[in-house]
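Engineer: Chains as they are written, first to last, in UniProt numbering: chain E, 1 to 617; chain Y, 1 to 207; chain X, 1 to 106.
Hints may contain errors.
Ranges between beta-carbon positions, derived for each pair [said to hold, decoys possible]: (1) X:G78 / E:V363: 41 to 49 Å; (2) X:R24 / Y:R165: 30 to 38 Å; (3) X:S83 / E:W127: 40 to 48 Å; (4) E:G12 / X:D76: 20 to 28 Å.
What the hints contain is simulated information worked out from the structure, not anything from laboratory work. Just so you know, even glycine gets a beta-carbon here, dropped at the ideal spot from N, CA and C.
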Amino acid sequence: MGMTSAQKRGFGATLWDWLTTVDHKKIGILYMAGGGFFFLMGGLEAVIIRIQLMSPENNFISAGLYNEMITMHGTTMIFLAAMPILLGLMNFIMPLQIGARDVAFPFLNSLGFWLFLFGGVLLNLSWFTGAPDAGWTNYAPLSIQSPGHGIDFYIMGLQLSGAGTLMGGINFIVTIVLMRAPGMTYMRMPLFTWTTFVASILILFAFPALTVGLFLMMFDRMFGSAFFDAALGGNAVIWQHLFWIFGHPEVYILILPVFGVFSEVFPTFAKKRLFGYTAMVFATFLIAFLGFMVWAHHMFTVGLGPVANSIFAVATMAIAVPTGIKIFNWLFTLWGGSIKINSAMLWALAFIPSFTIGGMTGVMLASAVADYQYHDTYFVIGHFHYVIVGGTVFGILSGLHYWWPKMFGKYLHEGLGQLSFWTFFVGFHLTFFIQHFLGLMGMPRRYWVFLENQGLDTGNLISSIGAFFMSFGVIVFLINIILTTIKGKKAPRDAWGSGRTLEWSISSPPVHYNYKQLPLVRGLDPLWIEKMEGNKNMTPAEPVDEIHMPNGSILPLIITIGMTIASYGFIYQTGNKLWLIAVYSGMAIALISMLTRSLKDDHGHHIPKEELERIGD
Amino acid sequence: MSHDHSIDPKNMPKDPSKATTEGKHKFMGLWIFLGGETVLFACLFGTYLALRNSNAGGPTTQELYGLGLVFLMTVLLLTSSLTSVYAIYHMKNNDFKKMQLWMGITALLGIGFLACEIYEFAHYIHGYGFTFRSSAFGSAFYALVGFHGGHVAFGLSWIITLMVRNAKRGLDLYNAPKFNTFALYWHFIDVVWVFIFTVVYLMGMVS
Amino acid sequence: MTDEMSTRKINSFQKQKNKQEMQRMVVSFALMIIFTLIAFALVMLEVPSTYVIPIILLLAFVQVGFQFFYFMHLKDKGHEVPSQIIYGGVFITVMVALTFTVITWW
Ligand code: HEM
Ligand SMILES: [Cu+2]
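Just chain E, same shape as in the assembly (with noise of 0.2 Å):
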């Protein structure tokens, strides 16, 4: 099934099911490509603010494109690349580590990447006539005063794909409650499924605040309100407070997820057990608690008062003992074990001292006193790009290489793997080691070009060269994929001979419905449990059966699409109201597909039982 049948039906035919598709591992994909493209718009962004600041007083781009250009950088790094991939990523293989054929809500599903899509498209239209300029955090009044739409794009573009992204919250937790194969108890899920389950936890409770923040945005924008507005009384650190309340937990949604992928690749590379997987799960939640508290810490310097910095410094410093708890653990895990290094093991061992020189700087942030010394300064780019790149990325391109041949049947190539990993872990170090030394020596985040002759201009140079480093790194893992898409070796269902949890029991790439019966769990690492006993495969836990699928449906990209035009038209109808028209036109395709879907009875449909025996497996 999957790709090769796909391709035998012609082009029309398989852009249709992709467009209607409601299988989570094909919106896993999705979400991957999607996630993919977003990583090299930004990574070019990035490039080009490297060469900006490649040399003192460059001209190459100027002031208020630079503003663009660092706000479009993180911006979408954060919303659009990463948090998309690792989506991708929990969307194709938590049910599969959990025993399911779907997630609990498969149309949702759909409708989440869609709104995740268009709200990204949404936010680079803004491109054609100016981009958002207030960085990342787009604070109030800055945000407020801003001629033009850029900020009016970064409203609407992130109020859709942050819906999407709730939906998808969501319907993890529920998949992973009540979806479950039998004998797989919360204790014997894999960290990857717990980190999922925590991480959606975390996008549950932390985006609503979001929503809060770019509603007021969009009302003292569009609508004339005064949240922020000092005049009548409003209050700029009111935006503050309610970016970070979900900012910070953001941050532990990009990084609990790679926490899991680190937690199935060291295993299953070293052959031995995840060491403290009790500890483990704890202190993923311990972390999630904690990540909740800390949010002020973002904001040490705006003046809350020397008590509330001091709660909120302990609870951030706080942090570092869960996550110490896992670094050790991982460090326990490959204590003794029959290591095999590859590049999915690379990216996996350089996370470790990578993130750990990050969390260190984040303890030296967390002092609110010297707080006041790094604060936007290039020492806090330094710090959060080794957690955010040392941490995230490098988790996710390990998750990659480790269940890519799960996910397309085929393995990357090795050679170009550890290629790409070396020159883009040099390229790593090389740029942002040097910027908490620049940052130290007093140079500003967010400016547009530094001075000569102030001890400043090496250190720029060599953070440009490890930009250029890494994009190298970037391109050679795509000519990797390219290359093993046309001709790479094929992959069995254990595809590293070592697989421990349940998705290495089945075909790679598995059938759509992913398991032809419920396999029984009998304990943690499942697979590992049935080869240590000599079974080739999982006993599974029920007679093969007719099986209950969900239909497609192309009311998700339908509602998506009224949404984006209603978007539109909201950025526009405060220079002219005729834009109020696309407003309505697009509501009204929204409400209309959404009425369709709920009027209309979809009982999905069942795999009849002779086909199953049919096909074997």
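Assemble the complex: chain E is given as a structure, and chains Y and X with the ligands must be docked to it using the hints.
Structural biologist: Same frame as chain E, but now just chains Y and X with the ligands:
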């Protein structure tokens, strides 16, 4: 698994809204969603609490609010919560007509609530010149109370659609979860209102 | 099948239980109305704000508890995950409300 969603009265499930897989998913999904809604309203409440005294020379909370109308609205909404419980009670007894009746009463009470709210807003705007734009307090007030009102309006269109859609076909295991999720959502709207009348109106009259 | 008939046919034990539950619901409704009345009365009688604000907040919490645990069945079996999620939401709500009242202005 049976492809048939009709209810066999002799074998009536204890809770028809949770008898199918889809029903269980809907039930859990709605609860999780309400968790997110909690934070949504938390942020609106927070904004209101921060801005409630920023009236920019306009009317203060004490000058503006009138408790009589708020009490009436509270009674309407609380009662509608009880009537939706009645509706679900009849659903569990497989009595579709009575369920529809009580859902209808719920919707009527909701409409009454919404009418009062519209009257209240109009009164503030025309009587006091107190609008969404007049001060940060105005913005925060209309945002919080308006979001709640929007939820009521959404709930009303939801239940009316459900009632019309299923009027002819009666109760089955496919639509029972839909009625049940609506009821949960409706209770949640009531929960939010309890805090609105306490934090916005009552506390606004006190301080 | 008509609705009348089907109602009569369903298990009488279950019906009895449903009825008992419904009675409990009506009692909690009555309590909710009483709490509301007390809250409004305290404010209208102009009890000093140091007392009245904590009291009406407490009344609101108790009343909301009735909504959640009885009307929405949070106390029943099978509601473990929903109740955890709601507790989480309530925790964040309290934190947010506190910060916005305390550290937004300085
Ligand atoms: C031990 C753990 C961590 C601590 C103690 C910590 C602490 C901090 C502090 C105090 C700041 C504010 C600095 C300032 O603006 O002056 C900050 C900024 C930041 N951190 Fe962390 N952090 C930690 C981990 C992480 C992780 C895991 C991520 C993401 C995966 C992350 C992403 C960020 C980002 C994106 C910013 C900059 C936000 C901006 O202003 O644009 N941090 N961190
Ligand atoms: Cu933070």
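Engineer: Next step is simple, just say for each hint if it's right about the structure.
Structural biologist: Hints, verified against the model:
One distance hint, 41 to 49 Å for the beta-carbon pair G78 (chain X) and V363 (chain E), holds here, with the actual separation near 43 Å. For the pair R24 (chain X) and R165 (chain Y), the supplied restraint of 30 to 38 Å holds, since their beta-carbon distance comes to about 31 Å. A C-beta distance of roughly 47 Å is found between S83 (chain X) and W127 (chain E), which places it inside the suggested range of 40 to 48 Å. Take G12 (chain E) and D76 (chain X): their Cβ atoms lie about 51 Å apart, and the range 20 to 28 Å is violated.
This entry does not satisfy hint 4, going by the numbered hints stated previously; all others are met.
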